[in-house]
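Colleague: Residue numbers (the numbering used here), protein chains in the order written: chain Y, 98 to 598; chain R, -18 to 94; chain X, 23 to 180.
No lab work stands behind these hints, which were simulated from the structure alone.
None of these values were measured; they are calculated from a predicted model.
Using N, Cα and C, we set each Cβ at its ideal position, and we do this for glycine too.
Treat the hints with caution; some may be incorrect.
FRET-style restraints, in silico, Cβ to Cβ [stated by the list, open to error]:
hint, chain 1, residue 1, chain 2, residue 2, range
1, Y, Lys591, R, Val48, 29 to 37 Å
2, X, Thr52, R, Tyr28, 20 to 28 Å
3, R, Arg3, Y, Ser573, 55 to 63 Å
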Amino acid sequence: MFCAKESCSILPLFVAVPLAGAFLSSLLGKTSSKISDFLGSLVPAILVLLSFSFIGLKEVLVYKMGGWIPPFGIVFVVDGLTVLMLVTVNVVALMSTIFSISYMEKYTDKWKYYTLFLLMLTGMNGAVITGDMFNLFVWLEIGAISSYALVAFGTEGEELEASFKYAVMSSVASLFILVGIGLLYSYTSTLNMADISRTLVAKPNANLINFVFILFLLGFGLKSAIVPFHSWLPDAHPSAPAPISAMLSGVLIKSLGIYALVRIFYNVLGVAGGGRVLLVLGLISMVLGALLAIYQKDLKRLLAYSTISQVGYIVFAFGLGTPLGIFAGLFHLINHAVAKALMFLNAGSVVYATDNVRDLDQLGGLREKMPVTANTSLIGSMSIAGVPPLGGFWSKLVIIFAAVESKHWAGAFVAILVSIVTLAYYLKLQKLVFFGKLPVRWENIKESPVLMCVSMIVLSCICIALGLLLLPQLRSVFLDPAVEVLKNGVGYSKAVFENIK
Amino acid sequence: MTEYILCLILFCVGLYAIMIKRNLIKIIIGLCIMEYSVNLFFTLIGYKHGGIVPIFSSLDETPARMVDPIPQALILTAIVIGLAVTCLIVAIALKIYEKYKTYDIREITRLKG
Amino acid sequence: MTLIVKTITRYTVGLILLFGIYIVLHGHLTPGGGFAGGVIVALSFVHLMLAFGRETAIKKMSEKAAGILEGLGAIMFLLIAFMGLTTGYFFYNFFRRVDTTETLVEYIGRPFALFSAGIIPLCNIAICLKVGAGLFAIFVALTFLKMNGDAAGDGEKK
């Protein structure tokens, strides 16, 4: 644990270290792929250590870039919610890079992959840590642009097609966000989030807030694939290489989409829950994602639709706006990030072994040949589907409790129904891929290399252990500070301005 | 006010091109038009009637007469980001043309579902 | 390209490059700076490529050199930012001097003096390297894409 001043001065490392890693990889990685492998895993490892040092943070840390005081300079703000997101993002990133060491052997130009990966990580860390509206937009774009390139990394027809669709829709989303930022700036004459929030409280303007609310809902809704804006996700996420799918589905849409959405709605605009809009959209995505997932024949596409459905759960929980709802949303966010990353890595392991066969009908019986993949995949599926005692069960239970507590009986009922559907399609996946009879063509299949197994095993252990977060001791250091931040609402600005030193 | 409405019209033209046009290159052009309209919008936010350039060419000028420089700085960043996106999308479109031998999105449909 | 274009290019390309460098070095005093200057520097190479074909331009600045320069520019910018960290702030302008006579202009340095803005000129040079090399590399990459239709791309599956 660092004392306040020291831990403050390591804040810029969250963006500086991956940036340095990215450019070093582009300079040195050309000579040998070992260097870029090493850099690619070292950087997330450092970031994991850094982010762990912030766990249990009691106060809000504000870091002034270049010594300029806000609202003139850019600030980095670390509070409970930021710490939670940083830990989740960096742990998943570390596991993905360890997985990539073996997996990316199938592709050429590994150093380009690591450069883009680390840039994407920079974007996510930056978006989470910043306290400035325009800076948020810039990090958002850095993360998004590198993810467009990563989706198209294989340069097959399908991948390019998916990447084009993703790039166009996501760019339009960014423009909506930019217009929203422009409107906020023209009214409040500041770009600092805390200052915007303070100004909006001092001279409220309902029309402006409503309009900006819609713009941000469109923008961040597109980025986080809430249902009317979801059409790019089932194409883009399966097309990317498996570790990237894990990053995209696991943490990218959460840090660039949901985190930004929630931070702005709760802490800046002060429209907690956003009326009933988030609630309704969450329910629709939950149902539609689950129903479409049942019919999928493609392993990774099924997982992508499942992401839409689970994001629906998270958005629904945040839409409730009660402290329990916020808690449930954050808890499910972590659970889903870890479990979905695990599922995509499993899919990658299967694809690696079977040489790019993702059709569920052609797979089957892989359990005997690939025990590690099969067992970790079982844990991941059961966690998302909500089988006790895994983490996903508890978070869904809390979501349903939260819905009942705030008298949304229909919502609670739908959530229960959808979780049954979720169980159904995950059982289908398990049955068609890992159980049943082994087709003749997969007789000589082998288990994946050690490093891939290691990252899958670690993620599945985290998956099991996440249920422990409900224990009061762990809850009070990890989840409760984050819930406090969102519950505090526009009190965020006060917390930030009090902590400027 | 007229400027803002014209700006909005430009934004809608871009959005129209993205949603209706079937050609990849026309979609990219639509995206660029949208970007420019947003840039224009930002410049209009900072505009002041009769304002001067926000550059100190001598020390006795006062900032009160200058137009707001912050939106212009933001625009510069947004333009750079736009450049990166456009280059990337154009490269992807060229690659798509290699694979599919067409720019028509109605024929680029290997992904279904 | 025609003889007219080639001749004019021969005379102007050096001037364009020089103008770009001027914009970069005077970035903290006059309008311009690293980005604008970098674009002009890149344009001088693009100009060369348009007039004499890709080979001539690549002989002056190969794709590989552009990639390395781009990485160097980025690393240089980050290093400058990191050096500020030693005084407590990321991106801290550690070269700035407190002017003893006029304490008010502490941050903006002395107007119209070339060596006055602390780290800003250094940042401008780093950005110029990054932007110039990056833009040129993008242009070269796009022409490659257009010409060798069936060449293997990056990250192609083995």
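Colleague: If a hint holds in the structure, say so; if it does not, say that too.
Modeller: Results for each hint:
no. : hint                             : result
1   : Lys591(Y) x Val48(R): 29 to 37 Å : holds (33 Å)
2   : Thr52(X) x Tyr28(R): 20 to 28 Å  : holds (23 Å)
3   : Arg3(R) x Ser573(Y): 55 to 63 Å  : holds (56 Å)
Of the hints listed earlier, there is not a single one the structure fails to meet.
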